[in-house]
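Protein chains in written order, with my numbering: chain C, 1 to 113; chain L, 1 to 114.
If you are wondering where the hints come from, they were derived from the structure by calculation, not from laboratory data.
A couple of the hints might just be wrong.
[Said to hold, decoys possible] Part of the chain L face toward chain C, derived, beta carbon under 7 Å:
hint, residue
1, Lys1
2, Gly43
3, Ser46
4, Leu47
5, Ser53
6, Gly60
7, Arg61
8, Phe104
We put the CB at the ideal spot given by N, CA and C, even for glycine.
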Amino acid sequence: EADIYQTPRYLVIGTGKKITLECSQTMGHDKMYWYQQDPGMELHLIHYSYGVNSTEKGDLSSESTVSRIRTEHFPLTLESARPSHTSQYLCASSALSNTGELFFGEGSRLTVL
Amino acid sequence: KNQVEQSPQSLIILEGKNCTLQCNYTVSPFSNLRWYKQDTGRGPVSLTIMTFSENTKSNGRYTATLDADTKQSSLHITASQLSDSASYICVVSDRGSTLGRLYFGRGTQLTVWP
């Protein structure tokens with residue numbers, strides 16, 4: 001079982017609020033990712049990191065930001081949430097290898113009213 | 001354009017029956033293909049990985065095949081169980097290096113009825 005944890009699992013907030021989704025892994029993986037997943041659609045990469053102090057934007061345009069101050073921690077922040085941000089957010093990590101298996105957290109389901 | 005297409009979009013079968021899920025891809029270059037299982041409300045979990053030289057690989061009741069010439073993969077589930085109800089996602093990697101990209105299919109939603 002993967003040792004990667006996301007909090008909160010569920011969050012309902014009002015428009016304009018600032019939120020941070022937490023993600024932590026205890027596997028010592030260098031690579032970490034944030035994906036957005038909507039029902040019936042493929043996962044879309046919104047941010048990734050190759051290691052401490054490394055962050056990159058993914059394929060899907062996002063108003064969120066991330067930080068990687070510690071290897072095990074990769075939080076995602078929305079400064080001002082909007083209803084269009086309602087979605088499932090999945091955090092994942094992987095080791096630096098050619099096979100690149102992703103280990104996912106349980107996900108954070110965000111609803112913005 | 002690099003794409004991963006899965007079929008069928010959804011599938012309902014009776015417990016104990018077999019089923020086959022399809023994945024066609026246009027990703028190039030190709031490094032590997034993974035099948036993930038995603039239970040409702042959970043994150044995806046890897047079932048199997050197929051590299052260029054592999055044709056068939058089994059993991060319990062799951063058997064994956066890969067035809068690198070036609071760029072097709074299948075996931076066969078034998079003697080289905082209620083716990084097999086999930087979304088099955090095909091993911092293709094283009095280089096397998098640190099900078100390699102991953103391409104995701106939309107998944108096949110499998111429902112197993114008793």
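The hint names L/Phe104 as touching chain C; please verify it with the least Cβ-Cβ distance against 7 Å. holds, 4 Å
Close enough to count: is the Cβ of L/Ser46 nearer than 7 Å to one in chain C? Holds. Min distance 5 Å.
Given L/Arg61 as an interface hint, is its Cβ closer than 7 Å to any Cβ of chain C? violated, 20 Å
Against chain C, run the beta carbon of L/Gly60 and see if the smallest gap drops under 7 Å. Violated. Min distance 16 Å.
Could you check if L/Lys1 really has its C-beta closer than 7 Å to a C-beta on chain C? violated, 13 Å
Would the hint on L/Ser53 be counted as holding, given a Cβ-Cβ threshold of 7 Å to chain C? Where the cut-off is 7 Å and the nearest Cβ of chain C is about 13 Å from L/Ser53, the hint is violated.
Given L/Gly43 as an interface hint, is its Cβ closer than 7 Å to any Cβ of chain C? holds, 3 Å
Tell me if L/Leu47 is really an interface residue toward chain C, meaning its C-beta lies closer than 7 Å to one of theirs. At 11 Å from the nearest chain C Cβ, L/Leu47 fails the 7 Å test, so the hint is violated.
When the structure is compared with the earlier hints, violations turn up for hints 1, 4, 5, 6, 7 and for no others.
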